[in-house]
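Protein sequence lines correspond, in order, to chains W and F.
Residues 0 to 320 in numbering that gives the first Met the number 0 are what the first sequence spells out, letter by letter.
Residues 0 to 254 in numbering that gives the first Met the number 0 are what the second sequence spells out, letter by letter.
Careful: at least some of the hints might be erroneous.
Derived EDC-like pairs (lysine to aspartate or glutamate); straight-line CA-CA distance at most 20 Å [unchecked claim]:
hint: 1; chain 1: F; residue 1: Lys243; chain 2: W; residue 2: Asp296
hint: 2; chain 1: W; residue 1: Lys317; chain 2: F; residue 2: Glu159
hint: 3; chain 1: W; residue 1: Lys194; chain 2: F; residue 2: Glu159
hint: 4; chain 1: F; residue 1: Lys228; chain 2: W; residue 2: Glu288
hint: 5; chain 1: W; residue 1: Lys278; chain 2: F; residue 2: Glu54
hint: 6; chain 1: F; residue 1: Lys194; chain 2: F; residue 2: Glu54
hint: 7; chain 1: W; residue 1: Lys285; chain 2: F; residue 2: Glu235
hint: 8; chain 1: W; residue 1: Lys318; chain 2: F; residue 2: Glu239
hint: 9; chain 1: W; residue 1: Lys278; chain 2: F; residue 2: Glu159
hint: 10; chain 1: W; residue 1: Lys13; chain 2: F; residue 2: Glu159
Calculated from the structure, these hints are not laboratory results.
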Amino acid sequence: MGVWVYAEVADDGKVEPGALENLTKARDLGTEVSAVALGPGATQAAATAGEYGAQTLYASDDSVYTDYIAQPAVHALHELIQQHQPELILFSPTYDSRDVAGRLQARTGATLMSNATDILGPDYAQTQIFGGQQIVDVTLSGPNPKLVIVRPKSFEPQPSGGGPAQVVPVEVEIPDELKKASRVERHEQAAAGPKIEEAKVIIAGGRGLQQPENFKLLEELAGAIGSAAVGASRAVVDAGWVPYAMQIGQTGKTVSPEVYIAVGISGAIQHLVGMKTSKRIIAINKDREAPIFQYADLGIVGDALKVLPEITAAIKAKKGS
Amino acid sequence: MNIIALVKYVPNPEGTPQMGPDHRLVREGVEGALDPGDEHVVEAALQLAEQSGGEVTVLSMGPEPALAAIRRALSMGAHKGVLITDQALPGADTLVTARVLAAAIKRGEFDLVIGGVESTDGYTGTLPMAVAEFLAIPNATFARHVEVKDGSIRIERQTEMGYDVVECPLPAVVTVTAGANQPRYPTLKGIMQAKQKPMENLTLGDLGISAEEAKATQEVMGVEPVPAKEAGEILEDPGEAPAKVVELLSKAKVI
Ligand SMILES: Cc1cc2nc3c(=O)[nH]c(=O)nc-3n(C[C@H](O)[C@H](O)[C@H](O)COP(=O)(O)OP(=O)(O)OC[C@H]3O[C@@H](n4cnc5c(N)ncnc54)[C@H](O)[C@@H]3O)c2cc1C
Ligand SMILES: Nc1ncnc2c1ncn2[C@@H]1O[C@H](COP(=O)(O)O)[C@@H](O)[C@H]1O
Chain W
0 MGVWVYAEVA DDGKVEPGAL ENLTKARDLG TEVSAVALGP GATQAAATAG
50 EYGAQTLYAS DDSVYTDYIA QPAVHALHEL IQQHQPELIL FSPTYDSRDV
100 AGRLQARTGA TLMSNATDIL GPDYAQTQIF GGQQIVDVTL SGPNPKLVIV
150 RPKSFEPQPS GGGPAQVVPV EVEIPDELKK ASRVERHEQA AAGPKIEEAK
200 VIIAGGRGLQ QPENFKLLEE LAGAIGSAAV GASRAVVDAG WVPYAMQIGQ
250 TGKTVSPEVY IAVGISGAIQ HLVGMKTSKR IIAINKDREA PIFQYADLGI
300 VGDALKVLPE ITAAIKAKKG S
Chain F
0 MNIIALVKYV PNPEGTPQMG PDHRLVREGV EGALDPGDEH VVEAALQLAE
50 QSGGEVTVLS MGPEPALAAI RRALSMGAHK GVLITDQALP GADTLVTARV
100 LAAAIKRGEF DLVIGGVEST DGYTGTLPMA VAEFLAIPNA TFARHVEVKD
150 GSIRIERQTE MGYDVVECPL PAVVTVTAGA NQPRYPTLKG IMQAKQKPME
200 NLTLGDLGIS AEEAKATQEV MGVEPVPAKE AGEILEDPGE APAKVVELLS
250 KAKVI
C-alpha cells in the first residue's frame, strides 16, 4: 500500500514535527512510504524524511508553492496522485496543510477526515470526541487516496534508521490562474523562552488566576524550573490577558509535555483535548469538584495565588541545595 | 459587492454535546444557535458590505431549525437568507457539504464568500477551502483582519509565529478567526426587520444534486469510552503541595 505524508519544510530543510509523527505511523501502515515537500528547502529534507521512514521524497524547491496559498500545491499533488496512485495521504493540521487538504478533497472527490487520533488501515481511522472521553471509529469510503488530517502528538516520532529518501523532482507547470492568493509580507514575533510545543514543562493559567498580573506567578515558577513554557486557557486569551499563541486546547495548541501544571483551570473538554496526553499532570484549583482533578496525577486543592509562590520557593531551595 | 456568509447552526454551543444511538450528535430537543464562530463571519461580511455598499446573503445547509441561525444573522443586519434542507443530507461530510454550498453559491452573482475557521461541533476546519476549489477561486484563509480595495482583498493571515499579509483578487473565499472582530448584538429593530427579509428554502433537487452525490464517504462504526485514567493523588492540605510537586518534578527528571 502506498502511504504519503505531506510534509511542510522550512527554507533550511527542517521538517515540521507533525510530518515526522505521521511518517512514523506511515511505516506501520504502508509498504511504500513517501513524503511530498513543496517549496524552498524541500530537497534538503531528504535526509530527515528518510530517517523517519520515507523511501521516496517528491520534492520541488520552487517558491511558487509558498508564495501563493494552496492552489499551486493542490495542482501539483493532484498530478502526482494521478501518476503514482497512493491509497492514503496524511496531513498535519497546520494552516497551510489544512488549506491544501481542504481543497484537495474537492479536486479529487476523495474523503477527508480531520482530527484523526489514530489510523488503523487505509480506510479506517479513529478520532476522539468530548475532550477525549470517547473514541469514535470511522470508516472511509469513496475514491483513493483517502485524506486524513492527524491531530498533533498522536504518534511518537521515531527514526527508522533509514538512509536519505530518494528525491524525485516534482516538475509540474503551475498555470497562472492558480497564482492568485499571494503572500506579500511575513511578520514573525520572536517568542521568549522555549516554544510551547517543545517545552518539557508547561504551566498553564486560567481564569482562576483572577487578574492578568498574576500570570507573573507562573513565569516565576517557569523560571525556577528552567525549560518551562507558560500557556493559557481560552477564557483568559479571550479576555485579552495573554496572546492567542499561548492558548492550549481544541482551538489552540495541542501539547504533550513531561509535566503539565494547570493553575486555576476548570478542565473544560475543549481544554482537555489539548493537554490530556501530557505524561504527568498537576492541577491546582480551589474547587475540589473541578473536572481537571479527574485527569491529575497530583491535585492540589487550594488558592493558586498562595500555593504558587511556595512551590516556586521550594524548587529554588531544592536546586540551590 | 455581493457577499455570501457561510453560517452553521449548532446544537447547544456552550453545553456538553450528546451522542445519540445512531452515532450522530443529538440535535433534537436541544436549543441550537448560530455557531459562535460564525457570528464573526456575519460581522466581517456586514462591515465589508457597509464599506463598499454591498449586500450580504447568509447561506446555510442544515435541518429546519437552522433557520434560527439565519434569523440571527438577518437580525444582525444581513440582507437575505438561503437554507438548504434535504432528507438526504443528515450525516453529510465536508465533501458533500462543500459540494452543496458551492452549487448554491454558483446560482447567483458573488464577489466574496466568507466562512469561519472551524465550526464548534464539527471542527473539521476544511469546508471553506473545499468550497473555494469547487468554485475554482482562490482562498485567503485564517484572517484576523480583512480589507477590500479595488476589486481585491488584503488579509492578515494568522501564522504560528505571527501573521502573513495575503493579497488576492476577487472573487475569493476568506475565513475569519474570532480575533477578526467583535460581533454586534442584534437591535430590537433588527430583530423586527429580520422577519420581513427575503428567505429562500432549497432542496438538493433545486441544486441539481442527486442523492448519490450527497452520499457521505465517512461512517461512524462505533463509539467506545476511553478507559478512565487511574486516579491520582489529591492533596486537600495545600501545605504538603511544595514537597509533593518537587518530588514529582524530580521523578520526571525536569529539575
Ligand atoms: C468551540 C469551542 C472551542 C474552545 N476551545 C478552547 C480551547 O482551545 N482552549 C480552552 O482552554 N478552552 C476552549 N474553550 C472554552 C472552554 O469551554 C472553557 O470555557 C475554558 O477552557 C475555561 O477556561 P478556565 O478553565 O480558565 O475558566 P473557568 O472555567 O472559569 O475555570 C476557572 C477555574 O479556576 C478555579 N479558581 C478560581 N479561583 C481560584 C484560585 N484563587 N485558585 C485556584 N483556582 C481557582 C475555579 O474553581 C475554576 O475551576 C472552547 C469553547 C468552545 C465552545
Ligand atoms: N452546514 C453548513 N452550512 C453553511 N456553512 C457551513 C456549514 N458547515 C460549515 N460551514 C462553514 O464552514 C466553516 C468551518 O466549518 P467546519 O469545516 O465544520 O469546521 C464554518 O465556520 C462555517 O462558516
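Hint-by-hint comparison with the structure:
no.: 1; hint: Lys243(F) with Asp296(W); in the structure: holds, 11 Å
no.: 2; hint: Lys317(W) with Glu159(F); in the structure: violated, 36 Å
no.: 3; hint: Lys194(W) with Glu159(F); in the structure: holds, 11 Å
no.: 4; hint: Lys228(F) with Glu288(W); in the structure: holds, 17 Å
no.: 5; hint: Lys278(W) with Glu54(F); in the structure: violated, 52 Å
no.: 6; hint: Lys194(F) with Glu54(F); in the structure: holds, 17 Å
no.: 7; hint: Lys285(W) with Glu235(F); in the structure: holds, 10 Å
no.: 8; hint: Lys318(W) with Glu239(F); in the structure: holds, 19 Å
no.: 9; hint: Lys278(W) with Glu159(F); in the structure: violated, 24 Å
no.: 10; hint: Lys13(W) with Glu159(F); in the structure: holds, 15 Å
Figure legend: structure checked against the earlier numbered hints; hints not met, in rising order: 2, 5, 9.
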